[in-house]
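Protein chains in written order, with this note's numbering: chain A, 1 to 419; chain B, 1 to 419.
Worth flagging that the hints you see were computed from the coordinates, not collected in a lab. Quick caveat, the model's predicted, so the values are computed rather than measured. Misleading hints may appear alongside valid ones.
Since the list gives no way to pick one copy over another, a pair counts as held whenever it fits inside one copy or between any two copies.
Said to hold, decoys possible - Here are the simulated lysine-lysine pairs, PhoX-like style, with alpha carbons at most 25 Å apart:
1. 179 - 412
2. 224 - 412
3. 287 - 82
4. 308 - 396
5. 287 - 406
6. 210 - 82
7. 4 - 210
8. 412 - 82
9. 413 - 308
10. 210 - 406
Number of protein chains: 2
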Amino acid sequence: MGKKNAFYAQSGGVTAVINASACGVIETARQYPDAMGKVFAGRNGIIGALTEDLIDTSEEPDKAIAALRHTPSGAFGSCRYKLKNPDENRGEYERLIEVFKAHNIGYFFYNGGGDSADTCLKVSQLSQSSSVPIQAIHVPKTVDNDLPVTDNCPGFGSVAKYVAVSVREASFDVRSMAKTSTKVFVLEVMGRHAGWIAAAGGLASDARTKIPIVILFPEVVFDKDRFLARVDLLVKQFGYCTVVVSEGVKNPNGTFLADQGLKDAFGHAQLGGVAPVVASVIRDNLKLKYHWGVADYLQRAARHIASKTDVEQAYAVGKAAVELALAGKNSVMPTIVRKSTRPYVWEVGAAPLEEVANVEKKMPGTYITHDGFGITDACRDYLTPLIQGEDYPPYKNGLPDYVTLKNVAVAKKLPEFKL
Amino acid sequence: MGKKNAFYAQSGGVTAVINASACGVIETARQYPDAMGKVFAGRNGIIGALTEDLIDTSEEPDKAIAALRHTPSGAFGSCRYKLKNPDENRGEYERLIEVFKAHNIGYFFYNGGGDSADTCLKVSQLSQSSSVPIQAIHVPKTVDNDLPVTDNCPGFGSVAKYVAVSVREASFDVRSMAKTSTKVFVLEVMGRHAGWIAAAGGLASDARTKIPIVILFPEVVFDKDRFLARVDLLVKQFGYCTVVVSEGVKNPNGTFLADQGLKDAFGHAQLGGVAPVVASVIRDNLKLKYHWGVADYLQRAARHIASKTDVEQAYAVGKAAVELALAGKNSVMPTIVRKSTRPYVWEVGAAPLEEVANVEKKMPGTYITHDGFGITDACRDYLTPLIQGEDYPPYKNGLPDYVTLKNVAVAKKLPEFKL
């Protein structure tokens with residue numbers, strides 16, 4: 001029985017540290033040349049597997065692979081493509097297994113969130129009933145921090161750090177300007193279903209550096225009057241305040257606050273964000289000067305201010321995925337296990353994919369203060385370790401020296417497959 | 001003749017490094033205790049002088065003053081308050097001189113942009129005809145980079161670095177997603193009159209790291225068809241592209257592109273930014289998936305990724321201001337003089353305020369490519385040295401350890417003054 005090659009793919013929205021997981025997978029595989037063959041990456045995620053568009057990572061020198069650890073985004077391309085249920089489209093799964101067979105692939109490492117955990121589980125189940133057994137290991141990644149079992153998700157800690165740092169900096173700015181100018185700064189952050197990222201904004205204020213912050217969570221229905229009263233009070237008390245608003249905040253009628261049906265002067269629909277809506281509410285009702293920002297991709301791509309803890313964990317789950325595979329495990333996901341909060345001690349565990357797939361971890365109700373606008377000490381205790389440490393990328397000519405791989409294609413062996 | 005005290009104030013929009021200039025002023029003044037008395041800071045800029053709301057910086061320990069070097073924003077508060085012409089409101093200037101006299105102030109250090117240089121000049125002129133001679137020194141600061149004589153303005157280099165780094169990171173993100181999702185990322189940056197900050201976005205792409213970037217400068221009238229053709233071409237060629245748009249971009253009819261007269265479903269006016277407008281244009285005409293961000297205050301407050309060159313220059317102009325004052329100079333501004341670009345060599349010079357006040361430095365036409373969407377090599381040569389080097393702040397518990405001063409008030413001696 002010859003050694004098997006491995007397949008690795010990135011799925012869904014990328015993060016500042018998903019490449020650190022790729023680095024962990026590839027560097028670890030390279031440490032076991034007798035047990036594991038080449039690592040083939042899917043170009044643009046699972047689409048690369050379906051279309052047999054594989055990248056031969058063995059063409060990359062060690063130095064380039066090492067540089068993945070400090071490079072944000074998905075080095076092989078990601079995709080938003082959810083495989084259907086095997087009952088609905090068994091062909092896709094059969095094609096995957098066919099491609100894996102053609103390229104002697106025995107390990108499937110899928111780096112993504114909840115959807116990809118589900119895909120990973122199905123690939124594992126189907127392969128077991130085929131002549132091509134595949135060990136499927138899910139590598140956790142999501143800025144949304146919504147995977148179950150694992151204490152936290154690689155990718156989240158760095159967004160959390162970016163948001164906490166940015167909120168502190170912008171708040172200092174507003175504080176300086178408040179006497180004659182801007183009194184409220186509104187920052188929109190990601191999080192359509194869960195307020196984890198918005199919650200991180202609350203870390204900007206602590207015992208040494210008090211900042212008046214109002215957080216609008218997607219978990220809490222927007223109550224305009226109570227919100228305005230809170231902002232008004234803080235501005236009267238501190239002279240200014242900062243609002244961190246999650247993109248997913250909803251009106252009492254269940255619609256997104258961002259969805260205002262905006263039309264320009266000619267009646268054309270315009271894109272809005274939720275930050276300008278919140279700023280408009282403040283202007284119209286409190287007549288306060290405001291500024292607003294929308295961090296969007298900047299927050300999840302900000303490798304320059306990544307959390308060292310997050311980088312280490314992202315690498316560790318990639319490394320563990322290969323080690324689990326070599327230990328004969330299948331249908332599992334490496335997890336982050338918190339052993340202690342003070343001091344923060346963590347280790348890598350493993351969870352069966354049955355427990356991970358299709359389960360969304362919500363932010364506990366005990367993490368939001370009773371007034372709905374802040375984070376509790378329990379939330380602070382949970383979040384604080386995740387943003388610890390800096391792990392600066394190298395710089396060249398004033399800019400981060402991020403790697404772009406060669407991404408050499410593996411020769412195709414199969415007929416074309418239509419997506 | 002006893003030694004005189006000094007007055008220092010921060011004016012206009014704050015930056016990541018204006019406090020480094022404050023640090024330069026105060027630390028240098030402390031080195032000459034026999035020649036210069038206390039440094040009093042204006043609380044909220046010049047308003048602090050008019051209302052006799054002075055801060056006694058001698059109450060701050062050396063360590064707190066040193067920490068200003070790595071703390072963004074205006075530590076004493078800034079303001080947007082332009083003194084009128086002495087012909088229109090001589091009372092304000094007389095009040096300033098009265099306050100300076102009451103507190104034995106002989107040095108006026110004003111840290112700001114073009115407007116404050118003008119105020120500084122007028123204070124100097126008026127004081128010379130009064131019984132209270134004041135040496136007025138302007139300390140340059142502006143993210144807009146529009147002061148004349150000086151090669152560049154402290155504050156700009158750090159915004160430039162933030163924008164260049166962020167554009168590189170977000171572009172890597174879009175590149176990863178482009179196969180099935182986002183193909184264009186639009187980032188709105190500051191710059192109402194000049195495209196200096198937008199130009200810095202162009203640095204994200206260089207010989208080693210090619211990124212397709214379209215820049216929309218306020219200097220170039222928005223031409224929708226040419227813009228769409230350019231985006232379309234780049235997306236076809238590279239699979240994705242990034243648009244950096246200056247807030248000041250204008251329509252052919254002279255109105256701001258951002259000003260679309262947006263109304264919500266109920267007909268209420270809504271705040272817009274220019275990024276969502278540009279994204280709408282792309283969506284409606286090219287049917288491409290997009291994301292957009294608005295950096296707003298994040299860009300000018302981002303001390304965590306400040307340019308080391310900028311920090312050093314900000315400190316140096318503060319230091320030079322005190323040295324110029326002690327050398328008996330009046331009505332001058334320390335400048336940054338570029339001695340050489342490769343290698344970058346700079347020194348501090350001095351310019352008479354007559355040459356600085358009311359002159360706005362535009363971006364040279366030779367810095368924008370013929371098609372109007374990019375930066376030339378000349379622009380690159382100018383900008384690149386300004387983003388060199390990192391100067392990370394210290395971190396505590398995962399967050400930058402920025403200082404908040406005690407800001408102890410000086411006892412008032414004069415009757416109240418109504419603004």
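**Message:** Flag every earlier hint the structure violates by its number, smallest first.
**Reply:** Of the numbered hints, 2, 5, 6, 7 and 9 do not hold.
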